[in-house]
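Here's the letter readout for the chains.
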Amino acid sequence: MATVRIPPVLRQQTGGQPEVEADGSNVGEVLRALTAAHPDTESQLFGEDGDLNRYVNVYLNDEDVRVLDGLDTAVSDGDTVVILPAMAGGS
Amino acid sequence: MATTETKRQVEEIEPFEAAREIEGGDVVLIDTREPHEYQEAHLENGKLVPPGLLADEVAAAAPDKSARTILYCRSGNRSYKAAEQLQALGYEDVASVAGGILAWQEQGLPVISAEGLTAEQRDRYSRHTLLPEVGVDGQLKLLNAKVLLLGAGGLGAPTALYLAAAGIGTLGLVDDDVVDASNLQRQVIHNTERIGEPKTSSARKTIEALNPDVNVVEHNLRLDAGNILELIEDYDVIVDGADNFPTRYLLNDASVRLRKPVVSASILSFDGQISTFVPFEGPCYRCLYPTPPPAELAPSCSANGVLGVMAGTMGTLQANEVIKLVLGVGEPLIGRLLLYEALGTRFTELKVRRDPDCPICGENAPEIADEDLGKFPDYELFCAG
Numbered sequence: 000m001a002t003v004r005i006p007p008v009l010r011q012q013t014g015g016q017p018e019v020e021a022d023g024s025n026v027g028e029v030l031r032a033l034t035a036a037h038p039d040t041e042s043q044l045f046g047e048d049g050d051l052n053r054y055v056n057v058y059l060n061d062e063d064v065r066v067l068d069g070l071d072t073a074v075s076d077g078d079t080v081v082i083l084p085a086m087a088g089g090s
Numbered sequence: 000m001a002t003t004e005t006k007r008q009v010e011e012i013e014p015f016e017a018a019r020e021i022e023g024g025d026v027v028l029i030d031t032r033e034p035h036e037y038q039e040a041h042l043e044n045g046k047l048v049p050p051g052l053l054a055d056e057v058a059a060a061a062p063d064k065s066a067r068t069i070l071y072c073r074s075g076n077r078s079y080k081a082a083e084q085l086q087a088l089g090y091e092d093v094a095s096v097a098g099g100i101l102a103w104q105e106q107g108l109p110v111i112s113a114e115g116l117t118a119e120q121r122d123r124y125s126r127h128t129l130l131p132e133v134g135v136d137g138q139l140k141l142l143n144a145k146v147l148l149l150g151a152g153g154l155g156a157p158t159a160l161y162l163a164a165a166g167i168g169t170l171g172l173v174d175d176d177v178v179d180a181s182n183l184q185r186q187v188i189h190n191t192e193r194i195g196e197p198k199t200s201s202a203r204k205t206i207e208a209l210n211p212d213v214n215v216v217e218h219n220l221r222l223d224a225g226n227i228l229e230l231i232e233d234y235d236v237i238v239d240g241a242d243n244f245p246t247r248y249l250l251n252d253a254s255v256r257l258r259k260p261v262v263s264a265s266i267l268s269f270d271g272q273i274s275t276f277v278p279f280e281g282p283c284y285r286c287l288y289p290t291p292p293p294a295e296l297a298p299s300c301s302a303n304g305v306l307g308v309m310a311g312t313m314g315t316l317q318a319n320e321v322i323k324l325v326l327g328v329g330e331p332l333i334g335r336l337l338l339y340e341a342l343g344t345r346f347t348e349l350k351v352r353r354d355p356d357c358p359i360c361g362e363n364a365p366e367i368a369d370e371d372l373g374k375f376p377d378y379e380l381f382c383a384g
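First to last, the protein sequences are chains A and B.
So the first sequence is numbered by numbering that gives the first Met the number 0: it starts at 0 and just counts up by one.
So the second sequence is numbered by numbering that gives the first Met the number 0: it starts at 0 and just counts up by one.
In short, the hints are calculated from the structure, not lab data.
Keep in mind it's a predicted model, so treat the numbers as computed, not measured.
Cβ atoms here follow ideal geometry from the backbone N, Cα and C, with glycine treated the same way.
Among the hints, a few may not be true.
Calculated lysine to any residue pairs in the SDA-like style (CA-CA distance at most 20 Å, straight line) [stated by the list, open to error]:
#1 B:Lys350 / A:Asp48
#2 B:Lys259 / B:Phe269
#3 B:Lys46 / B:Glu83
#4 B:Lys350 / A:Thr79
#5 B:Lys350 / A:Arg53
Here are the in silico distance ranges between beta carbons for each label pair [said to hold, decoys possible]:
#6 B:Ala364 / A:Asp61: 22 to 30 Å
#7 B:Glu22 / A:Glu62: 24 to 32 Å
#8 A:Gly69 / B:Ala368: 29 to 37 Å
#9 B:Lys350 / A:Asp50: 18 to 26 Å
#10 A:Asp76 / B:Arg221: 47 to 55 Å
#11 A:Asp61 / B:Gly51: 25 to 33 Å
#12 B:Gly361 / A:Asp78: 48 to 56 Å
#13 A:Glu62 / B:Asp175: 21 to 29 Å
A few chain A residues facing chain B, derived, Cβ under 10 Å [said to hold, decoys possible]:
#14 Met0
#15 Arg4
#16 Arg53
#17 Leu70
#18 Gly77
#19 Val81
#20 Leu83
#21 Gly89
Bound-form chain B, shown alone (with noise of 0.2 Å):
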């Protein structure tokens, strides 16, 4: 190769240039930054890719070279560097923002900043907003967010604990049960003191005490055809810990009808299973599973065991849903089924199709009245629930 060859200069564009080009799309965005700068404020869509890190991460945050390449830094100096270095690797189309996020603030720009968050929440969520995939912004969606827990057992404990160290800003509780000392082998947002409390008060009393910015809403009742679409038109993501079938399909309707995502898992023993159930994106609950079981085939009806710790591993594989959801990053359970088997320590999954005649997102399904959301013809002879 000649020796002679001319550095390619690097093209600096003004702030307003480069919002103009970010606008019109099909542009890679990257922070050479610091991460405690990017978390302070960044541009919407900027990737961080720290200028040490620059040779290691850049291919993963700009897979194309040939793509257009915009880097931006505080005030210029290292954006431009970055842009040499990227040139050198390949990078065709490279541009730096001149004068940085500096200018483009002074310039009326819109910027993603840490200001919506206060300075306690800054720290409590640093661990979060330090990932480029949830950030200032997608912490600030968590915040905002409302999610309702269908029980606040073996199940809702693990998620609601999980969901409001998270920061969801809004919980919802429904359970019309109280705290025995039985429960307490597995659902850890109770404790020996609250026995005889109703669970919504005692799992109430455990998030304030481990996160003041989440609002609890107790509904300290049982649904029903008559309440659930009101109860849950207010929220944004519906989890599913109930202990009966008509409960989980009373459910489904009403989700399926009002478009509301649903994360949904069950246990039994050691066996878990668990997916998400986005209307009309995926199947529903009834394309699953269209009859429920006899009840010898459905142990919810009477007691049986079940092994703690795999009800706090589903829970968490719930509130891991949850979150993905709210963030809109990653890819949820939709139209997957993933089972756990703790004794084994084995998860399965297995594909879930939409039914083209499910009675209820099916495309010919017919309208149901309010009041016979989640009815089976026969289905008070096979399990009383």
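The following block holds chain A by itself, in its conformation from the complex (with noise of 0.2 Å):
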């Protein structure tokens, strides 16, 4: 079971939760379990395509999984999946 972080502006599609627990062995599994639970995620997180929309960083703990195996990064028990959109908030 690993641990998703919840962006601020994803946290209203998970009911508020700051972070969920998933399972899946590797990113695309975890992050497949995440909008299967909260099905408003998927089109945030997802292009039509079934690819990681170009705008959500993702980190397996503190690592970008674009420089690791991208959604078929093997994730082990415990371990923390960052979902990460820019932000510009300034003012």
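Two chains, two frames, some hints: make the complex.
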């Protein structure tokens, strides 16, 4: 079981939860488990082609999955998956 | 151990000899005086280890006992004694400067002195100059630094206050907005009397009252591809507290072009992010975020709540990054993204790598016309900013 950290812009879709537990052997499966439990997150994470949207950064623990194996990156029990869209607020 | 062991004499060297060795490098230079003496004048790269703290602090200043270690004090007595102590501690190659810093100065050799600071400045910045990492020379760097703040709002307000207090010599403020009552929950540089006043002039008044050393330059305008290069060219460090994506990408593209470091933070509700982008030394904003999000994931496009004190936390973290960049000390957040979540009081650090295919700082990045800086093909569809 991995912990998925939900950014503020997606928390409405997870019922306000900042962290969600999700099962899966790789990052893609973990995120799919998240979208299965909270369907409103799906369109914001994945494009119609099934790939992760380019504007969403995903980290396994502290490393960007783009420099690992992307959605195929293996996830172990107790890992943290961080979903991180860019934020522009400054004022 | 034999009790007849002869006490080793301390090698004394003339200031000009010491200067030659220091010039050649690979020398640890230790100042064995008190902090107030050090503050008045010291040798460049001299590390302050007061005599009373020698046993406790010398290991940090001079970790390698086999390295050439030169000590000096005011006139040569305290450093001689300290050198004896170091030899007893196992330091193998120690020397004391004969006649100390007085003789050094008599020989016309350079020192870092408090002379660049006025009496008022010596007082005002004394808590900085007492820090070996800052010192008088560091304070002079701060006083000579030019820092541009994008936005005099939630992030810009606390950042500007602390940079002004720290004695950053020139603070440029870019903002085309006026103070609104709803700003005052977090934009602590403004106040109730200034509602309706341009933010740049309100901020200027607060900064000038706080520290007359700071030259405030008001840029009461909105950044665009036509003015950004000229605007940022004169500054040493840029602080990004912009409230929209187009400005963030525009600043990134222009700052990479001109090789200006950018301290970038953003805030939303209880969450903040911060990183420091130093062009070609670490990743740029586009390496981190190749594409801006659509409107529903970019709440800067519409009104959203933000915890005022969290903006303060992120703004002061930005000021901290700026000061480290100016001083050249510590470890700025280059290649690191720090997340702060105020509800859980939790910091998370993520790695950010340079993207070899980055359209702006990658190896094969195309040349971009000035008017195309910050552009995205269909960005306007996503978010009007």
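Do the hints match the structure? See the list:
| no. | hint | result |
| --- | --- | --- |
| 1 | B:Lys350 / A:Asp48 | 27 Å, violated |
| 2 | B:Lys259 / B:Phe269 | 29 Å, violated |
| 3 | B:Lys46 / B:Glu83 | 18 Å, holds |
| 4 | B:Lys350 / A:Thr79 | 14 Å, holds |
| 5 | B:Lys350 / A:Arg53 | 18 Å, holds |
| 6 | B:Ala364 / A:Asp61: 22 to 30 Å | 27 Å, holds |
| 7 | B:Glu22 / A:Glu62: 24 to 32 Å | 44 Å, violated |
| 8 | A:Gly69 / B:Ala368: 29 to 37 Å | 33 Å, holds |
| 9 | B:Lys350 / A:Asp50: 18 to 26 Å | 22 Å, holds |
| 10 | A:Asp76 / B:Arg221: 47 to 55 Å | 50 Å, holds |
| 11 | A:Asp61 / B:Gly51: 25 to 33 Å | 42 Å, violated |
| 12 | B:Gly361 / A:Asp78: 48 to 56 Å | 30 Å, violated |
| 13 | A:Glu62 / B:Asp175: 21 to 29 Å | 39 Å, violated |
| 14 | Met0 | 19 Å, violated |
| 15 | Arg4 | 8 Å, holds |
| 16 | Arg53 | 4 Å, holds |
| 17 | Leu70 | 17 Å, violated |
| 18 | Gly77 | 15 Å, violated |
| 19 | Val81 | 7 Å, holds |
| 20 | Leu83 | 7 Å, holds |
| 21 | Gly89 | 4 Å, holds |
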